[in-house]
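Enquirer: Single-letter residue listing:
There are 2 protein chains.
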Amino acid sequence: MKHEICVVNDFLTAAHREKVCAAAERHGYTVRFFETPEAAEGQLGQCEILYSHYPDLLRQAPELKWYCCSFAGVEPYMQPGIFPNEECLLTNSSGAYGVTIAEHMVMVTLMLMRRIMEYQASMARREWIQELPIRSILGSRITVLGTGDIGSNYARRVKAMGAAKVVGVNRSGGSGEPAYDAVYPSARLEEVLPQTEVLAMAMPSTAQTAGILSRERIALLPQNALVLNVGRGSAIDQEALIEALNAGRIAGAALDVMTPEPLPADHPLWSARNVLLTPHISGDMTLGWTCDKNVDLFCEDIENYCTGRPLIHAVDRTLGY
Amino acid sequence: MKHEICVVNDFLTAAHREKVCAAAERHGYTVRFFETPEAAEGQLGQCEILYSHYPDLLRQAPELKWYCCSFAGVEPYMQPGIFPNEECLLTNSSGAYGVTIAEHMVMVTLMLMRRIMEYQASMARREWIQELPIRSILGSRITVLGTGDIGSNYARRVKAMGAAKVVGVNRSGGSGEPAYDAVYPSARLEEVLPQTEVLAMAMPSTAQTAGILSRERIALLPQNALVLNVGRGSAIDQEALIEALNAGRIAGAALDVMTPEPLPADHPLWSARNVLLTPHISGDMTLGWTCDKNVDLFCEDIENYCTGRPLIHAVDRTLGY
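So the protein sequences, as listed, match chains A and B. All the letters of the first sequence, read from the start, carry residue numbers 1 to 321 under the numbering used here. All the letters of the second sequence, read from the start, carry residue numbers 1 to 321 under the numbering used here.
Chain A with its partners taken away, still in its complex shape (with noise of 0.2 Å):
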């Protein structure tokens, strides 16, 4: 066994780099560094541990012990028969997308509140145009589907700025975050829904997470209800939600995520009343602290699995995260 460890993301800076060097060698592991899994192509024979986010790669690596995905969603090694063996560990990098999220669901919170796109659609007419309705943060109700990383960020924002009620939901229906007024399972979301003014979504995708919010549910949210999606686009009832915009039935949408991904050209999602739509970005790399937060979470889940500790970013493959 040469006690190899393979690198194939393109992210990561010399200190990055470094870094993760340091790690490995203090336990007698070497690191080799593909920028593209092009470069990786017939180089993983002997790799023990991947640090990727390409899961063609897998089949590559026979020798694979433990593949770490730098993104947190890992839905792509749900498939069976993707890992070389069954015994292969996963674990993902949930934990360094929390913040730079959740501050894309601050914005978008108050781009839909403040009516921001009318407002840039009148100035791009050079108008001046005021006194659109708006609403604030402050005082608002607001549920959290999925109270992970990205949704505890997100809460604690919300709260920070006066939320008058922020209520997490998930599997469990427990959680140790403080930001939560109150933590539901999720068969009792349809209870929390008609007094939710802002639904937050930052789920993985699942099976019991795909089609969460149903065309039902969606019923359920009262006329002036946002909906925000930066997890899955597989949660949502994507036909009934564009219904319920268009009809005026809830008052807008922020989607980071859709189905499918990119959007067609023709996809009526385009322009649906008051949807804001990004392109799969919330989470986006280019951020330099999810960058390091990226590779210090590998790093330090290295310092567990050469000292035979559990790792503490290891998904559970019956959940999915």
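Some hints could be false.
[Unchecked claim] Listed next, the in silico DSS-like pairs over lysine-lysine satisfying Cα-Cα at most 27 Å (straight line):
no.: 1; chain 1: B; residue 1: 159; chain 2: B; residue 2: 293
no.: 2; chain 1: A; residue 1: 293; chain 2: B; residue 2: 165
no.: 3; chain 1: B; residue 1: 165; chain 2: A; residue 2: 159
Bear in mind the hints are in silico, worked out from the structure with no lab data behind them. A quick note: this is a predicted structure, and the numbers were derived from the prediction, not measured.
Using the hints provided, position chain B relative to the given structure of chain A.
Expert: Quick look at chain B alone, frame taken from chain A:
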């Protein structure tokens, strides 16, 4: 003396009127409400207290003892001879606008940092472009010029979102607000500007603030600097700002106030590089909380006025705020 309060404001709900009446009647005052200055024409002869935002009404109220301005900015009232008598008290509604304007400022900070205008442009073309380098409030150095209600509400929000250093700058160099890591007097502004990533301006229009962000001071800002202004357009050398933006010497600006307002259709500010213009709506009276607070502040000072205590929202007419 008839002990008469006149209210010339169009934003009051029935509940607001009841609240004002209750506060007035407790001390033997009657209240007359007018939706518009036209409706009040010729009706203010006996008015002792006027709650409004129309400076022209002042010369119709010879008996006036206290004018409560429902706006925060009171520069129109600084002209000599505008009051019917020099003893007339002046209060403003500073305190009602901090929340809504701070939410606006957080929104535009993030819109500029996250390149949202560029993303909106590519999405409008139905193009799926990713990977524009973005920045984060977390870890940023933010300078707040003007540490009143508005500036401090913004400071608290960006500090809660993890800004690395929040420096306040004001006339005296002091502030009781704990969100500031440091507060400097405006004489030391030049020292702060080179380390400023976001310069957030929230100052009243006074002789001291006019032109405070001069051409020379703009030149001290680093190339990644973002400039926000929600105070008054007169605080900035606007021509120099446009030049700095267009030359790429600073990164962007979000201006809710400018000179003149409304901005003429052929003004070069419309097409300056990476400028986000809004039509002086950050302190929009359509936000319920702002209106509630505005009325609360007035009622609080009715109590003070009638019991002979100092008015807590009094404007120092020599300073202009």
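Enquirer: A separate judgement is required for each hint: does it hold in the structure or not?
Expert: Status of the hints after comparison with the structure:
{"no.": "1", "hint": "B/159 x B/293", "result": "24 Å, holds"}
{"no.": "2", "hint": "A/293 x B/165", "result": "20 Å, holds"}
{"no.": "3", "hint": "B/165 x A/159", "result": "21 Å, holds"}
Hint compliance for this structure: no hint is broken.
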